[in-house]
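There are 2 protein chains.
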Amino acid sequence: MDKTVTLSLGALETLSRELLTRHGFDEAHADAITRSVVAAQRDECHSHGVYRLIDCVETLRRGGVSPDATPYVLDVSPGIVRVDAGQGCSLLAFERARPALIDKAREHGVALLALNNAFHFSALWPEVESLADAGLVALAMTPSHAFVAPAGGQRPLLGTNPIAFSWPRPDGMPFTFDFATSVVARGEIELHRRAGDTIPEGWALDAQGRATLDPDAALNGAMLTFGGYKGSALSIMIELLAGPLIGDLLGHETSPANEERAGRPWHGELIVVIDPHRLLGDEAARHLQHAEALFAGVLEQGARLPSRRRHEARRRSREQGVTIPRGLYQELVRLRDGARG
Amino acid sequence: MDKTVTLSLGALETLSRELLTRHGFDEAHADAITRSVVAAQRDECHSHGVYRLIDCVETLRRGGVSPDATPYVLDVSPGIVRVDAGQGCSLLAFERARPALIDKAREHGVALLALNNAFHFSALWPEVESLADAGLVALAMTPSHAFVAPAGGQRPLLGTNPIAFSWPRPDGMPFTFDFATSVVARGEIELHRRAGDTIPEGWALDAQGRATLDPDAALNGAMLTFGGYKGSALSIMIELLAGPLIGDLLGHETSPANEERAGRPWHGELIVVIDPHRLLGDEAARHLQHAEALFAGVLEQGARLPSRRRHEARRRSREQGVTIPRGLYQELVRLRDGARG
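So the protein lines, in turn, are chains V and X.
Under the working numbering, think of the first position of the first sequence as 54, with each following residue one higher.
Under the working numbering, think of the first position of the second sequence as 54, with each following residue one higher.
To be clear, the hints were calculated from the coordinates, so they are not data collected in a lab.
Cβ coordinates follow ideal geometry from the N, Cα and C atoms, glycine included.
Hints may be right or wrong, so weigh each one.
Stated by the list, open to error - So the derived list for chain V, only partly shown, Cβ under 8 Å to chain X, looks like this: (1) 107; (2) 131; (3) 188; (4) 190; (5) 210; (6) 220; (7) 222; (8) 230; (9) 282; (10) 300; (11) 351; (12) 386.
Given the sequences, and given the hints that come with them, work out the whole structure.
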């Protein structure tokens, strides 16, 4: 029997939606979550793909996410929109606040979205890319639970604190990146654990603050930041901006949902949006075209252009469907057809 | 004879101002430059300290900076202020635009400063820290000439592209960082060259794209980004935001001033400012206090808190003056007393 299963994007979306509603997510949340995890799977970002649906259902069972919270959007100032996710998933809250965010950016040139009190498990790039699709430049960040030691430290304090950026391109898909300020995303260690592999050197410390190659020890210890003290400084910035600045928690004050229903997984996300057309007026098109010289320069020397591999995977997935491990597929089908958690 | 000279901050300021005006900078520019280089020297950021005065005069002689350009401030939108430095030094342009930037941030919650067409040699932290002193959160970035290879590349394309951030603290000096997205600031390689030292592994490639420990080869080759492809992605972001987004140049389109007066050193800088009080209203003080838990967490495990060493140096310098190498002091005095360049 094949070790993998190939599905069309439509079939994967249906599976995801049915699985989520079966376990109690309302349609709006199920749709928003499905859009994000299927987009990640489509772009071959496995660590934020459909395997996260298992976590979503588990988190719901553990009281870590509201399945039907209605996001509450608040117009704070000419440049700021806030949305309270009400302990629901961040994805629907983002979608509900997105129109106001775009309007503010277009009118004032720059705008912020402060997203509060959300369960957050998803990649940030689909959000910033959707803003670049609207012709805007976007920067997003969120803290996560305290899994990461600051540079020179031994214990978890910081979240994996991802940052994502997207830039609209005149004739193609946006230039986008999205990375954890930990050496790798926590999902990568999780995937190594599930595969029974060791992790590379330099990723993590064990609970005693010693270097480790064991994914279990790493998950119980502390991950390291990328780029030493510079990555650590960025991680602190992200924690401040997507935490206290928007009236939300620090990573070490949150915790994953757990069996005892005592987790506190809810936290914030910040998105900054700039409208190049408001800033540059009639000159915007010329300067956006000008930016292409930088991308050309990167490609000319055979260097990596972020998001290019992802966009290639997207084209492939649209033509050929997506391929996932059979074990994962069977787990998702069981979850769709099984008893409500 | 002592190898060093110790001067009061006032004496160093006077030396700097006299040196700059002697060579043709007008008083406004001389004052703005002096404030920046003396602040760096005071905080023991040697790579942006008073040795940069030699470069300033040299750049003036080579036609790379206007000594008396009047910055032109333009109100673009409720969220955006632009300032054209007119090929003068960025520092005076920032100072002239700062009041409008602060007003916009306070009124709308978030504001941008697009600073164009400037000669830029200075550290960014004095600027973001001055905004934090006004109770605001600030993020600044600027490209520089193409000295750095993108991850996976071999040739210079990106600037050293520094990013700086500052956060107001209730009872102390702001939390601030400022780092190049190259492994080190170019000034560090320059200091190694002046000292006759080799540079550490992993800093740079030579002109053939091979790893090198020779500071001269490094200055003629390509520096590397910090943190591999993540640092490279950030560097690209900085180049886009402080370049085409604000209608200015990419690093590889600029070049240092040179003997033939054919350099094109002028480029942009972007500053994003957020007002926590506009965002959080009456809750702002409580959340700013809450952020202190993160700083305490860093210090508790003996990890590095960015800007702490700099602020310690500041206290020391205010009490005891600053100590610089005698050779540098003599060079500055010669420059102050010598013929106009």
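(request) Have a go at the residue 300 of chain V hint: is there a Cβ in chain X nearer than 8 Å to its own Cβ? (result) With a minimum Cβ separation of about 5 Å from chain X (threshold 8 Å), the hint on residue 300 of chain V holds.
(request) Grab the minimum C-beta distance from residue 210 of chain V to chain X and call the hint holds if it beats 8 Å, violated otherwise. (result) Holds, because the Cβ-Cβ distance from residue 210 of chain V to chain X comes to roughly 5 Å (cut-off 8 Å).
(message) Does the closest beta carbon of chain X sit nearer than 8 Å to the beta carbon of residue 222 of chain V?
(response) violated (11 Å)
(request) May I ask you to test the interface hint for residue 351 of chain V with respect to chain X, counting a Cβ-Cβ separation under 8 Å as satisfied? (result) At 5 Å from the nearest chain X Cβ, residue 351 of chain V passes the 8 Å test, so the hint holds.
(request) Under 8 Å, Cβ to Cβ, is where residue 190 of chain V needs to be relative to chain X, so tell me if that hint holds or is violated. (result) Hint holds; residue 190 of chain V Cβ to chain X Cβ min 6 Å, cut 8 Å.
(message) residue 220 of chain V was flagged as interface toward chain X. Is the shortest Cβ-Cβ separation under 8 Å?
(response) It holds, given that the least Cβ distance between residue 220 of chain V and chain X is near 5 Å, below 8 Å.
(message) Just to be careful: measuring from the Cβ of residue 188 of chain V to every Cβ in chain X, is the smallest value less than 8 Å?
(response) violated (12 Å)
(message) Would the hint on residue 131 of chain V be counted as holding, given a Cβ-Cβ threshold of 8 Å to chain X?
(response) holds (4 Å)
(request) Closer than 8 Å between Cβ atoms is the bar; does residue 230 of chain V clear it against chain X? Give me holds or violated. (result) Residue 230 of chain V check passes; min Cβ-Cβ to chain X is 4 Å, inside 8 Å.
(request) Using 8 Å as the Cβ threshold, decide whether residue 107 of chain V counts as touching chain X. (result) violated (28 Å)
(message) Interface hint check: residue 282 of chain V, Cβ to nearest Cβ on chain X, cutoff 8 Å. Holds or violated?
(response) Holds: closest Cβ of chain X sits about 6 Å from residue 282 of chain V, inside 8 Å.
(message) Next item in the hint list is residue 386 of chain V. Is there a CB on chain X closer than 8 Å to its CB?
(response) violated (36 Å)
Of the numbered hints stated above, those contradicted by the structure are hints 1, 3, 7, 12, listed in ascending order.
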